[in-house]
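All chains should be modelled from the sequences, with the hints used to inform the complete structure.
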Amino acid sequence: MPQRKDGGDAVLEALRKLDVDYIISSPGSEWPSVWEALARQVINEEPGPKYINTWHETLAVAMAQGYTRMTGRMQAVLLHAGVGVLQGSMGIHGAFQGEIPMLVASGETASYGEADGFDPGPQWLRNLSIVGGPNRLVDSITKWSSRVTSSEVIYETFSRAGEMAQRTPKGPTFLKCPWKPCLKSGRRLPSSRTSPRHPRPGLSHLTLKP
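Residue numbers (our numbering): 89 to 298.
In case anyone wonders, no lab produced these hints; they're calculated from the structure. No residue lacks a Cβ here, since even glycine has one placed at the ideal position from N, Cα and C. You may find that some hints are simply not true.
What the hints assert, rightly or not - Cβ pair distances, simulated, as ranges:
| no. | residue 1 | residue 2 | range |
| --- | --- | --- | --- |
| 1 | T237 | M158 | 31 to 37 Å |
| 2 | T237 | H144 | 18 to 24 Å |
| 3 | S234 | P257 | 17 to 23 Å |
Here it is in structure tokens:
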């Protein structure tokens, strides 16, 4: 029988197909399924993006932007909800102005403990939730923004965000990803669909001054 994957596996597989080298993050508590998927990737010796942990969201976005400027390869940034998006917004704006492709995702919660078996904690209701959702914070400084609506569409939504970021004119895209769907098992991940590859320039375009 095919192995059913959870949302973290879907995120990681989408980034794998997008040819992302690094997931750069100053994380909050809403990405446990991604951490577990990264751990399984290491244990199973599978290829895929490596993880870089930073102490600040501005640094995470700046590292992704700098890597892409040097290599032409889009990278992924995972931010904490609310304040994490605000902290990273200056870097996201810079990537937007510079037409730098980047896939940025923020956690969110769609419920606050009403459902049995899932309570994200009171901090989400008190401090982390944004009126209208975190997309409102970056709609004007991203090329495209959307949200994950269920566990079944995580793979396709992340794939779509990465593809949109790399279309001309290039720029950062943003996804709101509630963490409850990421904890659920979804449908079997597609194996035939491959995301379009971005250009891979060498360093010949750089001019070194004596």
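Do the hints match the structure? See the list:
no.: 1; hint: T237 with M158: 31 to 37 Å; result: holds, 35 Å
no.: 2; hint: T237 with H144: 18 to 24 Å; result: violated, 30 Å
no.: 3; hint: S234 with P257: 17 to 23 Å; result: holds, 18 Å
Consistency with the previously given hints fails for number 2 only.
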